[in-house]
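Visitor: For reference, the chains in residue letters:
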Amino acid sequence: MNKRSLVVSKASNTGKTLLFYLVLIVIWEVAYLIGTQWLGVWKSYAFPEPLGVLRAGMRMAADGSLWYAVAYSGIRAAVGFLLSAIIGIGFGIILSVGKKNIAHYLRPFLMGIQTLPSVCWVPFAILWFGLDEQAIIFVVIMGASFSITLSVDSAIRNVNPLLIRAARTMGAEGRTLYTKVIVPAGLPAFIAGLRQGWSFAWRALMAGEVMSSTIGLGHSLMMGRDLADINQVMLVMLVIVLLGIIIDRGVISQVETKVLKSRGL
Amino acid sequence: MILEIDRVSKRFDNSDKEAVNNVSLTINEGEFICLVGPSGCGKSTLLNMIAGLERPTAGEIRLAGEKITGPGADRVVMFQDAALFPWLNVLDNVTFGLRLMKKDKVECNRIAMNYLKMVKLTKFAHYRVHELSGGMKQRVALARALAMDSAILLMDEPFSALDKQTINKLRDEVAQIWEETRKTIVMVTHSVEEALFFGDRVVVMSAHPGEIREILTIDLPRPRPIDSASFVSYRKTILEEVRKEVDRSEQAEFGGQ
Ligand SMILES: Nc1ncnc2c1ncn2[C@@H]1O[C@H](COP(=O)(O)OP(=O)(O)OP(=O)(O)O)[C@@H](O)[C@H]1O
Ligand SMILES: [Mg+2]
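Chains as they are written, first to last, in this note's numbering: chain F, 1 to 265; chain X, 1001 to 1257.
Because the hints were derived from the structure by calculation, they are not lab data. All figures in this text were calculated on a predicted structure; none of them were measured in a lab. It is possible that part of the hints are untrue.
As the list claims (entries may be wrong) - Simulated pairs of lysine-lysine, BS3-like, Cα-Cα distance not exceeding 30 Å: (1) F:Lys99 - X:Lys1067; (2) F:Lys180 - X:Lys1102; (3) F:Lys100 - X:Lys1120; (4) F:Lys261 - X:Lys1117; (5) X:Lys1117 - X:Lys1103; (6) X:Lys1120 - X:Lys1103; (7) F:Lys180 - F:Lys99.
From just these sequences and the hints, can you work out the full model?
Guide: Below, the structure written as structure tokens:
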């Protein structure tokens, strides 16, 4: 296949995907109409419909609440993820360069914490920080940084030892060995870890925001419930999914692909 | 610079036998030494101890009178696997060690290009590692090792992962480069032919425990055509020597079964 036909087939693939979702939305609308209007088995305040979601979106866009929510959540996500990355990388380095037996004992503990759903940190967060920004960031950090720590640790430990040996015989040692060999060699695994860390951070953020009363997507979700506006709930959920995907696919996975490609992986 | 291996032994923690047992050998400057012997006789272990990647459990190795305690740029190793850095292109791989010596970047690139020319890869200087064939990778590794201009070059079966044609070509290149540079080289090989082709002296080792059986001085004129009569008869002698060692160590290992 030449480049041109590749582009064409890619475009037609995207077209097909869009069509697929369009059909899905139509089915959803029809199901809604049948269920609520004709059969009357569903209550319209408990069942979202595509047009209602659209209306909720336009309303929230017009009164600005959607943009505020996105901006606040976005800033929190950025701050929380950044702090998680810093803390996670820091501990990861300590774990993999520190005394071997301490790391050996700590690893299962960290893996245990990592399986804990981040919402479990909410009580702690509230008792320590109150219903505050710090509480949400705390939940994000607890939710994401350990997974980053573990990925840094395994990225470093899985560097091909032959590369390290080769570098050492060429005079690399100590810090140089880290900056010139171990870090670049572990980069692909590390980025994959960051990607996973992002997904944890985003989930943790929503868990934190749902609990709190500050502006944000999680809070808008709960507002929708309080107003018995299921369409707003649905809309906010879709926005949460979309933003999560955009950061993952649009940013982190772009970097990942670039790194992998340059190494022929 | 003289390399002295002085009554060196190595026993790994999980083993009850010495992988290398009481080995002594003095290697002169400019010498090409080949280590041969059955699998598991400690050739790589000995080489790694010279490199400083392993520590002897007894005895010591001295380079120019100084005890070797760790790896260093004066003893570059070329491994069976090219061990190139996949995040760097060919040129940056070759300059890796030079840059660690804090040489000027332009100067490093100049030196590297020189060695890439020697291994006939100048055209590929900006290629990525994954875009090279196995033979090309090994040539980059050779250029990288040579560019360090280390006192000693250590090679652990550098060609064994390659096909016959590539091996022959690379051998000629290495022989030629050695004639030009007269570097001290210690090469581990499982090919007797290769040992005869390169070696000023061939060290035959035996396994369980790993010891030096015999040191043969090869008086063949260079370049050495591998099909000449003297080459073939030499080869027969050494092959028999190694065969005996293989039999003996297999006996020792599996004899009771
Ligand atoms: N890291 C290690 N830990 C424990 N034992 C080892 C280690 N490396 C090598 N050995 C043992 O030491 C002995 C010598 O190994 P070595 O790799 O030096 O052999 P070799 O002569 O290079 O063999 P080959 O020709 O197969 O490469 C073997 O019995 C091997 O099992
Ligand atoms: Mg070996």
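Visitor: Hint by hint, say whether it matches the structure.
Guide: For each hint, the structure was consulted:
1. F:Lys99 - X:Lys1067: Holds. Lys99 of chain F to Lys1067 of chain X sits at ~28 Å (cutoff 30 Å).
2. F:Lys180 - X:Lys1102: holds (13 Å)
3. F:Lys100 - X:Lys1120: Roughly 45 Å separates the two Cα atoms, so the pair is violated.
4. F:Lys261 - X:Lys1117: This hinted pair holds, its Cα atoms lying about 28 Å apart.
5. X:Lys1117 - X:Lys1103: Roughly 20 Å between the alpha carbons, so the hint for Lys1117 of chain X and Lys1103 of chain X holds.
6. X:Lys1120 - X:Lys1103: Status holds; Cα separation ~24 Å.
7. F:Lys180 - F:Lys99: Roughly 22 Å between the alpha carbons, so the hint for Lys180 of chain F and Lys99 of chain F holds.
Comparing the model with each numbered hint stated earlier shows that hint 3 is the single one that does not hold.
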